[in-house]
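With the hints as extra help, turn the sequences into a complete structure.
Number of protein chains: 2
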Amino acid sequence: MPDTVAAAALRRFMAGIFEAAGVPAADAAQVAGLMAEADLIGADGHGVFRLAQYVRRIRAGGMNPRAVPHIVEERPASALIDGDNGLGHLATTLAARTAIAKAKTQGVAWCGVRGGNHAGPASLYARMPMEEGMIGLYLAVGSANHLPPWGGLELLLSTNPIAVAVPARHEPPIVLDMATTVAAYGKVKVKAQRGEAMPEGWMIDRLGRALTDPARANEGLLLPIGGYKGYGLALIFGLLAGTLNGAAMGRDVVDFNADDTSVTNTGQAILAIDIAAFGDPEAFRDRIDALAREIRGSERLPGVERIFLPGEQSAATRARRAIEGVPIPPQLRAQLDALAAELGAPKL
Amino acid sequence: MPDTVAAAALRRFMAGIFEAAGVPAADAAQVAGLMAEADLIGADGHGVFRLAQYVRRIRAGGMNPRAVPHIVEERPASALIDGDNGLGHLATTLAARTAIAKAKTQGVAWCGVRGGNHAGPASLYARMPMEEGMIGLYLAVGSANHLPPWGGLELLLSTNPIAVAVPARHEPPIVLDMATTVAAYGKVKVKAQRGEAMPEGWMIDRLGRALTDPARANEGLLLPIGGYKGYGLALIFGLLAGTLNGAAMGRDVVDFNADDTSVTNTGQAILAIDIAAFGDPEAFRDRIDALAREIRGSERLPGVERIFLPGEQSAATRARRAIEGVPIPPQLRAQLDALAAELGAPKL
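Which chain is which? The protein sequence lines are A and B, in order.
Following the UniProt record's numbering, the numbering of the first sequence begins with 1 at its first residue and continues without gaps.
Following the UniProt record's numbering, the numbering of the second sequence begins with 1 at its first residue and continues without gaps.
Keep in mind the hints are simulated off the structure, nothing from the lab.
Keep in mind it's a predicted model, so treat the numbers as computed, not measured.
Treat the hints with care, as some may be off.
If you anchor each label on the Cβ, the simulated ranges turn out as follows [as the list claims (entries may be wrong)]: (1) A:302 <-> B:101: 46 to 54 Å; (2) A:196 <-> B:131: 44 to 52 Å; (3) A:263 <-> B:286: 26 to 34 Å; (4) B:61 <-> A:318: 49 to 57 Å; (5) A:289 <-> B:8: 48 to 56 Å; (6) B:261 <-> A:133: 55 to 63 Å; (7) A:227 <-> B:286: 49 to 57 Å.
These stretches of chain B come out as covered by chain A in the derived footprint (C-beta under 8 Å, 3 or more residues) [said to hold, decoys possible]: (8) 21-27; (9) 75-87; (10) 240-250; (11) 297-307; (12) 334-340.
Ideal Cβ positions, reconstructed from N, Cα and C, are used throughout, including at glycine.
What follows is the structure in structure tokens.
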């Protein structure tokens with residue numbers, strides 16, 4: 001069992017690191033809060049795990065620590081936000097806030113981001129409309145290409161994720177957050193860090209053979225879900241979150257794991273749907289409760305103990321980690337200690 | 001090789017049948033046109049193949065031949081349409097037209113349908129905004145449940161499809177149209193009609209074993225793409241296209257293959273995105289062209305002759321069938337002849 005750290009301590013630590021790297025205090029706190037939330041829900045490839053990488057990018061000049069994301073195109077139900085090459089969480093949060101405000105009057109709203117950066121787990125942003133009683137849908141262009149087109153070898157696509165969050169009444173909200181590949185690349189990174197093998201079906205090598213050693217991930221290709229269907233989804237989500245906004249797609253996508261200096265021009269998109277624009281929102285919440293219970297209580301395959309709704313497992317992780325803290329493996333702890341020392345910031 | 005019939009003849013035939021079944025001429029022509037388009041693009045489970053079933057439902061009182069779909073909730077960027085239990089194509093087309101008109105000023109718009117019926121292939125409706133220079137996205141609740149929740153046995157979900165259509169400049173448009181199961185149920189029906197076995201991976205039986213005989217499809221469970229991910233997508237698309245609109249989801253979904261009389265209350269949803277709200281639409285089309293060429297021209301796995309963009313294969317089918325006609329297998333021809341005789345309508 002690795003040591004655990006309380007989310008609040010993690011948040012303070014990360015905010016301190018960002019401030020030491022030149023990020024204004026309010027922005028540092030906002031990003032640190034979202035990253036700690038990523039760790040709480042079990043998105044281990046997206047929270048404090050990424051801190052050193054973000055700081056390295058800031059210090060290398062690849063990311064603007066004092067970015068001011070702002071709206072560059074606007075209609076009553078849409079906006080395009082330029083992230084000013086800052087921490088991706090800032091532009092994406094502005095996109096979500098803008099979509100929520102517009103959807104309240106217009107019924108729905110869609111906001112896109114260009115000039116952003118890696119923003120952490122998709123569900124964080126789909127949940128923002130949900131916390132206002134709306135449905136949230138989020139798409140992103142992943143921050144490195146790991147997926148070839150179907151039948152291809154060149155890594156032209158990322159694991160472009162989708163997240164959708166739907167509020168219930170008494171039941172937990174339904175929150176889907178998935179990459180369009182069988183495994184997200186963040187999960188591969190976590191396997192590598194833990195020294196564990198990957199299951200077959202996550203990656204193939206360039207001859208089409210199963211690849212299970214995460215240390216060899218850079219020789220491999222992630223597999224899309226459902227073959228050509230997952231390729232189609234990754235492409236379309238990338239078009240909607242990237243190409244539409246003038247953000248990077250295809251060969252333009254910078255591998256932010258390998259390159260700290262090139263501007264990534266990362267794209268994201270968020271849709272907010274005001275449930276009240278389609279009828280009584282309380283009746284809607286009751287229908288979601290009924291459906292969740294119907295699914296959970298339905299007949300199971302032999303050997304299956306429980307049927308889950310999307311989001312139940314990360315909600316359980318969040319509840320447990322809120323009490324027990326976030327596990328920090330020794331290698332990660334050592335990396336964070338070195339980072340703090342390097343920046344003269346307080347240790348975790 | 002089955003006989004082929006020109007799309008125009010198919011369209012006239014279907015319109016004549018609908019009129020004989022009591023559908024007003026303009027509606028009959030509109031639905032027949034969309035169904036012939038389904039046959040042209042190779043969506044063989046969605047065109048004339050469904051004609052006898054639709055007519056049976058009308059004559060059994062399960063569908064309203066003189067329906068008048070209409071808006072019941074409206075905001076500047078959203079609308080909810082009641083399909084008045086008519087042919088699904090009518091309400092869904094109204095939803096698409098409404099979304100397009102609203103997106104032109106608002107930037108984006110989302111329209112939902114309740115009280116609809118089976119409306120044919122998803123791409124027909126995603127293409128409607130595309131033909132106006134927009135991006136179209138369409139979701140639907142399938143018209144019969146064939147998918148259990150992940151780990152379950154009860155068929156609580158349908159193959160709930162997504163279609164997205166994106167215009168290019170010189171390249172063909174990118175049009176994704178996919179069910180969230182490995183195979184759409186319409187494809188299973190076509191296999192059964194042709195007497196062909198299904199590939200392994202399409203369905204399992206209730207003990208989890210591969211099921212390949214399409215005649216036994218009613219004992220089987222369709223498999224979702226990517227395991228729990230496809231289950232999550234089917235659920236979420238159903239929530240957005242069904243539950244949000246007060247349309248059927250879960251146990252409320254009527255199996256329209258087995259039951260001609262119960263009102264289906266089918267739900268659909270369409271999103272129109274005005275590309276001009278996010279920057280120069282010509283520059284966008286150029287970016288799509290460049291990306292399509294980049295993907296098509298990229299390095300291929302050994303043995304792969306060509307990398308396809310979504311929609312290229314159905315566009316090729318459409319081009320071929322526009323010249324050669326739509327193949328009509330003998331069993332289908334016999335069924336259509338009987339239908340025409342029964343209604344006293346002109347034969348195909």
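Tested hints:
1. A:302 <-> B:101: 46 to 54 Å: holds, 52 Å
2. A:196 <-> B:131: 44 to 52 Å: 50 Å Cβ-Cβ, so the 44 to 52 Å window holds.
3. A:263 <-> B:286: 26 to 34 Å: violated, 21 Å
4. B:61 <-> A:318: 49 to 57 Å: About 50 Å separates the Cβ atoms of residue 61 of chain B and residue 318 of chain A, which means 49 to 57 Å holds.
5. A:289 <-> B:8: 48 to 56 Å: holds, 50 Å
6. B:261 <-> A:133: 55 to 63 Å: violated, 38 Å
7. A:227 <-> B:286: 49 to 57 Å: Distance hint for residue 227 of chain A, residue 286 of chain B is violated at roughly 30 Å.
8. 21-27: Since 0 is below three, the answer is violated.
9. 75-87: Per the Cβ count (6), the hint holds.
10. 240-250: n = 7 at 8 Å, threshold three: holds.
11. 297-307: Since 8 is at least three, the answer is holds.
12. 334-340: n = 0 at 8 Å, threshold three: violated.
When each numbered hint is compared with the structure, violations occur for hints 3, 6, 7, 8, 12.
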